[in-house]
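Trainee: From just these sequences and the hints, can you work out the full model?
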Amino acid sequence: MNTTVQAYAQQLEAINYKSLWLGANVMDKIEGISNHTAFTRPIPELHSVAEIIGHLIALNIDVINKIKGYLSLQQVYQPDHWRSNQELKTIGWKQLKEDYEKSILSLIILLKDKDDSFLEKTYTEDNHKSRYPFEYALEGIIHHILYHLGQIGIIIKLLIRK
Numbered sequence: 001m002n003t004t005v006q007a008y009a010q011q012l013e014a015i016n017y018k019s020l021w022l023g024a025n026v027m028d029k030i031e032g033i034s035n036h037t038a039f040t041r042p043i044p045e046l047h048s049v050a051e052i053i054g055h056l057i058a059l060n061i062d063v064i065n066k067i068k069g070y071l072s073l074q075q076v077y078q079p080d081h082w083r084s085n086q087e088l089k090t091i092g093w094k095q096l097k098e099d100y101e102k103s104i105l106s107l108i109i110l111l112k113d114k115d116d117s118f119l120e121k122t123y124t125e126d127n128h129k130s131r132y133p134f135e136y137a138l139e140g141i142i143h144h145i146l147y148h149l150g151q152i153g154i155i156i157k158l159l160i161r162k
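The UniProt record's numbering numbers the first residue of the sequence shown as 1 and each following residue consecutively.
Just so you know, these hints were derived from the structure itself, not from any lab.
Quick caveat: nothing in here was measured; it's all calculated off a predicted structure.
Backbone N, C-alpha and C define an ideal beta-carbon position, used for all residues, glycine too.
Where hints are given, some of them may not hold.
Here are the in silico distance ranges between beta carbons for each label pair [unchecked claim]:
| id | residue 1 | residue 2 | range |
| --- | --- | --- | --- |
| 1 | 131 | 20 | 28 to 36 Å |
| 2 | 85 | 2 | 36 to 44 Å |
| 3 | 143 | 115 | 18 to 26 Å |
| 4 | 139 | 94 | 17 to 25 Å |
| 5 | 143 | 6 | 17 to 25 Å |
| 6 | 120 | 90 | 23 to 31 Å |
Calculated lysine to aspartate or glutamate pairs in the EDC-like style (CA-CA distance at most 20 Å, straight line) [stated by the list, open to error]:
| id | residue 1 | residue 2 |
| --- | --- | --- |
| 7 | 121 | 135 |
| 8 | 114 | 87 |
| 9 | 157 | 28 |
| 10 | 97 | 45 |
| 11 | 29 | 98 |
| 12 | 66 | 31 |
| 13 | 29 | 101 |
| 14 | 89 | 99 |
| 15 | 18 | 99 |
| 16 | 157 | 45 |
| 17 | 68 | 113 |
| 18 | 68 | 99 |
| 19 | 112 | 28 |
| 20 | 112 | 45 |
| 21 | 18 | 31 |
| 22 | 102 | 45 |
| 23 | 66 | 135 |
| 24 | 68 | 125 |
| 25 | 68 | 116 |
| 26 | 68 | 45 |
| 27 | 66 | 125 |
| 28 | 114 | 135 |
| 29 | 112 | 139 |
| 30 | 18 | 116 |
| 31 | 18 | 139 |
| 32 | 66 | 120 |
| 33 | 66 | 28 |
| 34 | 97 | 87 |
Mentor: Put into structure tokens, the structure is as follows:
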């Protein structure tokens with residue numbers, strides 16, 4: 001049976017592509033953002049939309065690697081820190097959006113082949129001391145994306161006011 005794992009995949013798909021009762025999905029929210037706006041911090045204490053998207057890419061890749069059984073891999077987007085706007089500008093806003101979409105679609109596709117027993121399997125965190133069930137990672141990534149979707153909305157509103 002794979003009803004629960006498929007529910008997680010459907011939530012990821014909805015948050016990123018479908019109509020949500022809470023407002024715009026991630027792809028709709030970031031689609032119309034200009035290059036300039038993407039890299040602008042409304043105030044120094046807040047991240048830019050590009051920084052948040054870079055962070056979400058890193059987290060998506062981290063979960064994908066855990067599902068595939070990989071441990072610490074050097075990657076362009078590292079989940080243990082936030083990359084600066086300067087670093088992300090070298091990638092470009094268009095590429096960041098594409099990389100985000102690729103990471104989300106890869107995660108959804110990976111989940112399509114899993115059954116519910118997968119959720120009870122565990123992965124090891126990088127410190128090699130902690131083990132968590134994959135259900136914990138999937139719930140976490142969904143919550144994390146929603147959290148940052150709200151931040152993106154606030155950042156956009158603050159930038160429009162300027």
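Trainee: A separate judgement is required for each hint: does it hold in the structure or not?
Mentor: The hints, checked one at a time:
1. 131 with 20: 28 to 36 Å: For residue 131 and residue 20 the Cβ distance comes to about 33 Å; the hint holds.
2. 85 with 2: 36 to 44 Å: At 40 Å between Cβs, range holds.
3. 143 with 115: 18 to 26 Å: Since the Cβ atoms of residue 143 and residue 115 sit about 23 Å apart, the hinted range of 18 to 26 Å holds.
4. 139 with 94: 17 to 25 Å: violated (31 Å)
5. 143 with 6: 17 to 25 Å: Holds - the Cβ-Cβ distance for residue 143 and residue 6, about 18 Å, lies within 17 to 25 Å.
6. 120 with 90: 23 to 31 Å: violated (41 Å)
7. 121 with 135: holds (8 Å)
8. 114 with 87: Violated - the C-alpha atoms of residue 87 and residue 114 are around 35 Å apart, more than 20 Å.
9. 157 with 28: Holds. Residue 157 to residue 28 sits at ~15 Å (cutoff 20 Å).
10. 97 with 45: violated (23 Å)
11. 29 with 98: holds (14 Å)
12. 66 with 31: It is violated: about 29 Å lies between the C-alpha atoms, which goes past 20 Å.
13. 29 with 101: holds (13 Å)
14. 89 with 99: holds (14 Å)
15. 18 with 99: holds (19 Å)
16. 157 with 45: Roughly 16 Å separates the two Cα atoms, so the pair holds.
17. 68 with 113: holds (12 Å)
18. 68 with 99: holds (18 Å)
19. 112 with 28: This hinted pair is violated, its Cα atoms lying about 23 Å apart.
20. 112 with 45: Given pair residue 112, residue 45 is violated - Cα atoms ~39 Å apart, limit 20 Å.
21. 18 with 31: Cα-Cα ~14 Å, so holds.
22. 102 with 45: violated (29 Å)
23. 66 with 135: Status holds; Cα separation ~12 Å.
24. 68 with 125: Roughly 14 Å between the alpha carbons, so the hint for residue 68 and residue 125 holds.
25. 68 with 116: The given pair, whose Cα atoms are some 16 Å apart, holds under the 20 Å limit.
26. 68 with 45: violated (36 Å)
27. 66 with 125: The given pair, whose Cα atoms are some 9 Å apart, holds under the 20 Å limit.
28. 114 with 135: Holds - the C-alpha atoms of residue 135 and residue 114 are around 12 Å apart, at most 20 Å.
29. 112 with 139: holds (16 Å)
30. 18 with 116: violated (24 Å)
31. 18 with 139: With a Cα-Cα distance of about 18 Å, the restraint between residue 18 and residue 139 holds, given a limit of 20 Å.
32. 66 with 120: OK: residue 66 and residue 120 at ~14 Å, within 20 Å.
33. 66 with 28: Violated, because 28 Å separates the two Cα atoms, which is more than 20 Å.
34. 97 with 87: Measuring from Cα to Cα gives roughly 15 Å; hence the hint holds.
Consistency with the previously given hints fails for numbers 4, 6, 8, 10, 12, 19, 20, 22, 26, 30, 33, ordered from lowest to highest.
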